[in-house]
Amino acid sequence: DAGVIQSPRHEVTEMGQEVTLRCKPISGHNSLFWYRQTMMRGLELLIYFNNNVPIDDSGMPEDRFSAKMPNASFSTLKIQPSEPRDSAVYFCASSLTTGRTGELFFGEGSRLTVL
Amino acid sequence: GESVGLHLPTLSVQEGDNSIINCAYSNSASDYFIWYKQESGKGPQFIIDIRSNMDKRQGQRVTVLLNKTVKHLSLQIAATQPGDSAVYFCAESFTGANSKLTFGKGITLSVRP
Chain A
1 DAGVIQSPRH EVTEMGQEVT LRCKPISGHN SLFWYRQTMM RGLELLIYFN NNVPIDDSGM
61 PEDRFSAKMP NASFSTLKIQ PSEPRDSAVY FCASSLTTGR TGELFFGEGS RLTVL
Chain B
1 GESVGLHLPT LSVQEGDNSI INCAYSNSAS DYFIWYKQES GKGPQFIIDI RSNMDKRQGQ
61 RVTVLLNKTV KHLSLQIAAT QPGDSAVYFC AESFTGANSK LTFGKGITLS VRP
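So the sequence lines, in the order shown, correspond to chains A and B.
Numbering-wise, my numbering puts 2 at position 2 of the first sequence, and it's gapless, one number per residue.
Numbering-wise, my numbering puts 69 at position 69 of the second sequence, and it's gapless, one number per residue.
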């Protein structure tokens, strides 16, 4: 079975450019999460969706960040304009909230470098 | 990714020995805890979970212990193998609307051959 699929795996861009990260959750999962991982802050939850509806976006750093989930099989995280401090690994995860455990299934991440 | 573990606490163990990875959680209202393992270049992967109505839970070669009195969680790995080398995270959440999983900083486990 396919896991959570993220693209791109690596992105290098210049400050001020728009960055769009993409995620395809596991089919049938109804919750989707965007995390950011850095050495300084570890894994931080940015936003999560339940049944395609944003539930908690309190972790989104600022207005430059936005996330959408137009349907159950696709989500995007956009940064516009990007800044060097946005450099991090961004993970998407999905889960089934009615499942036996609260296990999150993570993708392999998108490593973003903003120069 | 590869650079995540550079500034994390490191536990070094001999192959075949048992490992104990400790975690202090912050929210006394948390009632659900999970251990994740992250290998270099990959996303975190679920290992084992425990609810607050239990103080011990065993899986295959792993045991999680929960001490709610001192808000402490530990992961024990029996007969540690080279493939266990990774960064380990504890995560906590609480039952309720809009509850979310909060991750700890992580500990690097290094297995010596």
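Please note that a few of the clues may not be correct.
As the list claims (entries may be wrong) - With a cut-off of at most 25 Å between alpha-carbon atoms, the simulated PhoX-like pairs for lysine-lysine come out as follows: (1) B:K56 / A:K24; (2) A:K78 / A:K68; (3) A:K78 / B:K100; (4) B:K42 / A:K24; (5) B:K42 / B:K100; (6) A:K68 / B:K100; (7) A:K78 / B:K42; (8) B:K42 / B:K71; (9) B:K42 / A:K68.
What the hints assert, rightly or not - To give an idea of the interface, some chain A residues facing chain B are shown, with a C-beta separation under 7 Å as derived from the structure: (10) D63; (11) F91; (12) G102; (13) F106; (14) G107.
These aren't lab readings, by the way, just hints derived from the structure by calculation.
Every residue, glycine too, gets a C-beta built ideally from N, C-alpha and C.
Consistency of the hints with the structure:
1. For the hint linking B:K56 to A:K24, the alpha-carbon distance of about 35 Å lies beyond 25 Å, and the restraint is violated.
2. At roughly 8 Å between alpha-carbon atoms, A:K78 and A:K68 fall within 25 Å of each other, so this suggested pair holds.
3. For the hint pairing A:K78 with B:K100, the CA-to-CA distance comes to about 22 Å; that is within 25 Å, so the pair holds.
4. For a cut-off of 25 Å, the pair hint linking B:K42 to A:K24 stands: about 16 Å separates their Cα positions.
5. Restraint check: the Cα-Cα separation between B:K42 and B:K100 comes to about 22 Å, which is no more than 25 Å; the hinted pair holds.
6. As the CA atoms of A:K68 and B:K100 are separated by approximately 18 Å, the hinted pair is consistent with the 25 Å bound.
7. A distance of roughly 22 Å separates the Cα atoms of A:K78 and B:K42; the hinted pair therefore holds under the 25 Å criterion.
8. Of the supplied pair hints, the one linking B:K42 and B:K71 is violated, its CA atoms being roughly 29 Å apart against a limit of 25 Å.
9. Proximity of B:K42 to A:K68 is assessed by CA-CA distance (about 24 Å); at most 25 Å being required, the pair is judged to hold.
10. Interface hint at A:D63: violated, since its Cβ lies 21 Å from the closest Cβ of chain B, which is beyond the 7 Å cut-off.
11. With 7 Å as the threshold, the beta carbon of A:F91 comes within range of chain B, its nearest partner Cβ sitting at about 5 Å, so the hint holds.
12. Taking 7 Å as the C-beta cut-off, the interface hint given for A:G102 holds, the closest approach to chain B being about 6 Å.
13. Because the beta carbon of A:F106 sits about 3 Å from the nearest beta carbon in chain B, less than 7 Å, this interface hint is met.
14. Annotation: A:G107 was flagged as interfacial toward chain B, and the flag holds, the nearest CB pair being 5 Å apart, inside 7 Å.
Checked against the numbered hints above, the structure breaks hints 1, 8 and 10 and satisfies the rest.
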